[in-house]
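Heads up: the sequence lines are chains A and B, in that order.
Once you know that position 325 of the first sequence is 325 in the UniProt record's numbering, the rest is easy, because the numbers rise by one and skip nothing.
Once you know that position 356 of the second sequence is 356 in the UniProt record's numbering, the rest is easy, because the numbers rise by one and skip nothing.
By construction, these hints were calculated from the structure, which means they are not laboratory data.
Worth double-checking, as some hints may not be accurate.
Chain copies aren't distinguished; within one or between two, either way the pair holds.
Simulated crosslink set (SDA-like; lysine to any residue; CA at most 20 Å straight-line) [as the list claims (entries may be wrong)]:
1. K291 to R248
2. K291 to A315
3. K95 to P118
4. K95 to I7
5. K95 to R343
6. K95 to V352
7. K291 to S307
8. K291 to H306
9. K291 to G305
10. K95 to R110
11. K95 to L323
12. K291 to G247
13. K95 to E355
14. K95 to V13
15. K95 to Q133
Protein chains: 2
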Amino acid sequence: MDEWFRILDVAAVDTPALVVYPARVHANLAQLVARIDDVARLRPHIKTHKTPAAVRLTLAAGITKFKCATVAEAELLGQCAVPDALLAYQPVGPKAVRFLALMAAYPATRFSCLVDHPAAAAQLSALATAAGQTVRVFIDLNVGMNRSGIAPAAAGALYQQCAALPGLAVVGLHAYDGHIHDEDLAVRTARCHAAFAPVAALVAQLRGAGLAPVVVAGGTPTFPIHAARPGVECSPGTFIYWDGGYGRAFAEQPFEPAALVLGRVVSLPDATKLCLDIGHKAVASESPLDKRLTFLNAPELRVVGHSEEHLVVEAGPGHGYQLGDVLYGLPHHICPTVALYERALVIENQRVAGEWPTLARARALTL
Amino acid sequence: MDEWFRILDVAAVDTPALVVYPARVHANLAQLVARIDDVARLRPHIKTHKTPAAVRLTLAAGITKFKCATVAEAELLGQCAVPDALLAYQPVGPKAVRFLALMAAYPATRFSCLVDHPAAAAQLSALATAAGQTVRVFIDLNVGMNRSGIAPAAAGALYQQCAALPGLAVVGLHAYDGHIHDEDLAVRTARCHAAFAPVAALVAQLRGAGLAPVVVAGGTPTFPIHAARPGVECSPGTFIYWDGGYGRAFAEQPFEPAALVLGRVVSLPDATKLCLDIGHKAVASESPLDKRLTFLNAPELRVVGHSEEHLVVEAGPGHGYQLGDVLYGLPHHICPTVALYERALVIENQRVAGEWPTLARARALTL
Numbered sequence: 001m002d003e004w005f006r007i008l009d010v011a012a013v014d015t016p017a018l019v020v021y022p023a024r025v026h027a028n029l030a031q032l033v034a035r036i037d038d039v040a041r042l043r044p045h046i047k048t049h050k051t052p053a054a055v056r057l058t059l060a061a062g063i064t065k066f067k068c069a070t071v072a073e074a075e076l077l078g079q080c081a082v083p084d085a086l087l088a089y090q091p092v093g094p095k096a097v098r099f100l101a102l103m104a105a106y107p108a109t110r111f112s113c114l115v116d117h118p119a120a121a122a123q124l125s126a127l128a129t130a131a132g133q134t135v136r137v138f139i140d141l142n143v144g145m146n147r148s149g150i151a152p153a154a155a156g157a158l159y160q161q162c163a164a165l166p167g168l169a170v171v172g173l174h175a176y177d178g179h180i181h182d183e184d185l186a187v188r189t190a191r192c193h194a195a196f197a198p199v200a201a202l203v204a205q206l207r208g209a210g211l212a213p214v215v216v217a218g219g220t221p222t223f224p225i226h227a228a229r230p231g232v233e234c235s236p237g238t239f240i241y242w243d244g245g246y247g248r249a250f251a252e253q254p255f256e257p258a259a260l261v262l263g264r265v266v267s268l269p270d271a272t273k274l275c276l277d278i279g280h281k282a283v284a285s286e287s288p289l290d291k292r293l294t295f296l297n298a299p300e301l302r303v304v305g306h307s308e309e310h311l312v313v314e315a316g317p318g319h320g321y322q323l324g325d326v327l328y329g330l331p332h333h334i335c336p337t338v339a340l341y342e343r344a345l346v347i348e349n350q351r352v353a354g355e356w357p358t359l360a361r362a363r364a365l366t367l
Numbered sequence: 001m002d003e004w005f006r007i008l009d010v011a012a013v014d015t016p017a018l019v020v021y022p023a024r025v026h027a028n029l030a031q032l033v034a035r036i037d038d039v040a041r042l043r044p045h046i047k048t049h050k051t052p053a054a055v056r057l058t059l060a061a062g063i064t065k066f067k068c069a070t071v072a073e074a075e076l077l078g079q080c081a082v083p084d085a086l087l088a089y090q091p092v093g094p095k096a097v098r099f100l101a102l103m104a105a106y107p108a109t110r111f112s113c114l115v116d117h118p119a120a121a122a123q124l125s126a127l128a129t130a131a132g133q134t135v136r137v138f139i140d141l142n143v144g145m146n147r148s149g150i151a152p153a154a155a156g157a158l159y160q161q162c163a164a165l166p167g168l169a170v171v172g173l174h175a176y177d178g179h180i181h182d183e184d185l186a187v188r189t190a191r192c193h194a195a196f197a198p199v200a201a202l203v204a205q206l207r208g209a210g211l212a213p214v215v216v217a218g219g220t221p222t223f224p225i226h227a228a229r230p231g232v233e234c235s236p237g238t239f240i241y242w243d244g245g246y247g248r249a250f251a252e253q254p255f256e257p258a259a260l261v262l263g264r265v266v267s268l269p270d271a272t273k274l275c276l277d278i279g280h281k282a283v284a285s286e287s288p289l290d291k292r293l294t295f296l297n298a299p300e301l302r303v304v305g306h307s308e309e310h311l312v313v314e315a316g317p318g319h320g321y322q323l324g325d326v327l328y329g330l331p332h333h334i335c336p337t338v339a340l341y342e343r344a345l346v347i348e349n350q351r352v353a354g355e356w357p358t359l360a361r362a363r364a365l366t367l
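All chains, full assembly: derive it from the sequences and hints.
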C-alpha cells in the first residue's frame with residue numbers, strides 16, 4: 001500500500017476525526033529550516049496546531065522563537081518553556097492584564113506583544129510599571145492588509161514614544177502581509193517587495209537614530225521571499241500541517257499535508273449522492289462550499305451541501321460507495337479546522353499511536 | 001439603561017466571549033411550551049447549546065424528550081439523566097459501538113437512534129444481540145432535503161425489516177425538513193405540508209398493518225407548522241438561543257436572542273475601519289462575509305474582512321469608535337458559534353454571574 005495517508009486500524013476510529021502524521025510534521029520543519037540561512041531567523045506561528053507536541057518538535061528542529069495569536073496559545077508556549085514567544089496581537093483592556101499575568105507566571109519564556117496605538121502602549125506601560133515588569137513590544141505595521149497596524153510613515157514616532165514610556169522595551173517591527181497570496185511567485189515576490197519597501201525605509205530611519213529594530217515579517221505565502229531578505233525573522237504558520245488551499249496556491253513550496261480529517265459515509269440519500277459525517281463543525285467553512293475539503297482517496301467527490309454534522313457530496317451514477325466507507329479529507333484551511341477538535345489522533349507507521357491535545361483551542365488555560 | 005444586552009461589569013470580560021442570558025433562555029422555553037397543545041410533543045435538539053445548564057432549564061419547563069446529533073451530546077443527556085434522548089443520526093461503524101456503550105452506561109435514559117439502511121440496521125442488531133440489549137430506532141426519512149434518510153415510499157419495507165431483526169425495537173419515523181426555510185410563512189406551510197404528505201401516507205399504511213409509529217418532525221423553521229399537526233413530536237433547536245439569521249427569516253416566531261458574542265475594537269487600521277477580535281475562530285462563518293454577525297450596539301458596522309482572530313468592519317468617516325470599545329455581536333448562526341467556545345459566561349441582572357461549559361463540543365466525553 002503506497003498511499004501515505006492510509007490507516008490500517010481505521011475501522012476502530014470514530015469519525016469525524018482529526019489525524020496528524022508526525023513524520024510529515026518533522027519533514028515540514030526540516031524543509032523550513034533548510035530554506036533559511038540561520039535557524040535563529042525562524043519564528044513560526046503556532047495557531048495552526050495549538051498543541052504542545054508540535055511545539056516540542058519545533059524546538060527539536062533547533063527553533064527557539066515562536067509567534068502566537070491568543071493568550072491561551074502564549075500560555076501553551078510558556079508551559080513548554082520556549083525561550084521566546086511573540087503574542088502577535090495588541091492586547092487591549094482585560095487582555096493586557098492577562099498578558100502581564102502570563103509574563104509573571106512563566107519567567108522562563110521571554111514574551112513580547114504588538115502595539116500599534118499610543119492608548120494601548122499607555123495601558124501596557126501603566127500595567128508594567130505597577131507590576132515592576134518590562135513589556136517587550138513590536139510596533140505592528142499596516143503594510144497593506146488593512147487589518148491592524150499603524151502606517152509605516154507614522155510608526156517611527158510611535159516607536160520613539162514607546163521607547164520613552166516606563167515599563168516598555170521596544171524590540172522591533174511586525175509586518176504581516178497576509179493580503180499577498182498570488183499564485184504566481186514572481187507576482188507575489190514583486191508585491192511583497194513593494195509592501196516591504198516602507199518597512200525597509202523605516203528601519204533605515206530608526207537605525208539612523210541609533211536604534212536596532214528586529215523585523216518580523218510575513219506568513220507562509222511570503223516565507224520564501226522574506227527568507228531571502230537578510231536579517232528578517234520569518235513567521236510561517238500553515239507550513240507545519242499544510243492544506244489543500246496552500247497546496248494549490250503555493251505549489252513552489254516543498255511542504256506536504258501532515259493533518260487530515262477522517263470521515264465516513266453515513267447515508268446514501270439518493271442514487272448518486274453520499275452523506276458524510278464531516279459537518280461544518282468538523283472542517284473549517286469560512287470558504288465557499290466547493291472549497292471546504294477534498295478527498296485523497298476519492299478525488300472525484302464534489303461537495304453539494306454542508307450542515308452542522310453532515311456533508312453531502314455528488315458521487316455520480318454507479319459510484320460503488322457503501323455505508324461506513326472511510327474518506328481521507330484534506331481541508332482547504334487546516335488552521336481553523338484543527339481548532340474544531342479537542343485532540344488529534346497521531347498516526348505512526350500507518351496506525352493510531354496516541355493523541356495530541358489541541359490545548360490552545362480553549363480561550364483560556366489557567367490565566 | 002434599557003438595552004437588555006448591556007453588561008455592567010464588561011470591562012473585566014476578556015474578548016472574544018460567548019455570553020448567555022438565562023432569563024431569555026427561560027422565556028424562549030416558555031414560548032415554545034405555550035405554542036403546543038401538549039408538552040409531551042416537544043423534543044428539542046440540544047446541538048445549539050451543548051450544555052447541561054440549558055438541559056436542566058428545559059427539564060424544568062416540563063420537557064422530557066430530547067434530540068441530539070452526536071454521541072457526546074447524547075452522553076451529556078445521559079449525565080443529566082433525561083428520560084428520553086434521540087440520537088438523530090445513524091450510527092455507523094465504531095459510532096454504533098459507542099452508542100451501545102452509552103446505552104449501557106446511562107440506563108436511566110431511554111435512548112434511540114436513526115436508521116435509514118438495512119446495513120446499519122444489521123450492525124445495530126448484531127451489536128445489540130451480542131450485548132443483550134434492545135436498540136430503539138426511528139426510520140430516518142428523506143422528505144426532500146436529500147441529506148440523509150430513505151425515501152418514504154421505500155421506508156415501510158425497512159420499518160418491517162427492522163421490526164423483525166433481533167435486538168431492534170422500531171419506535172417510529174424521523175422527518176427532518178431543514179430544506180424548508182422560506183421567509184413567507186404561507187409558502188413555508190404549503191411546502192411543509194407537501195413534504196409531509198408521503199410521511200402521513202406511510203403512517204396510515206403502517207397503522208393499517210397494526211403498527212403505531214411515533215413521528216418526530218421538523219426543526220425551528222417548521223415548528224409552528226408541525227406544532228399544529230396532531231400527535232407529531234417537534235424538534236426545534238435554534239429557538240433556545242435564537243440568532244440573527246432566524247430572527248430575520250422567521251419574524252413570525254416569538255423567540256428572542258439569548259446568546260451573543262462580545263468583541264472589542266483592537267486596532268484602527270485606517271480612518272474609517274475598525275479591527276475587532278471576533279475572528280472566524282470566534283463566530284460561525286459558513287455563511288457569506290456579510291452574514292457573519294451584526295452588532296446590537298453598532299448596527300451600522302459592515303463586515304469587510306475576516307480572518308482567524310480578526311474581523312475588519314467599515315465604520316464610516318468620523319466614526320468615534322476607540323480602542324477597547326465593546327461590541328455586542330448577534331451571530332447569524334448561533335449553533336456552530338457556541339461550539340467554538342469552551343464556556344459561555346452567564347449574564348444575570350446585567351452582570352457576569354457564572355459560566356456554562358460547552359461540554360458536548362468535545363467529540364467524546366467518557367465514551
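- Task: Could you tell me which of the numbered hints above are not met by this structure, giving the numbers in increasing order?
- Result: none
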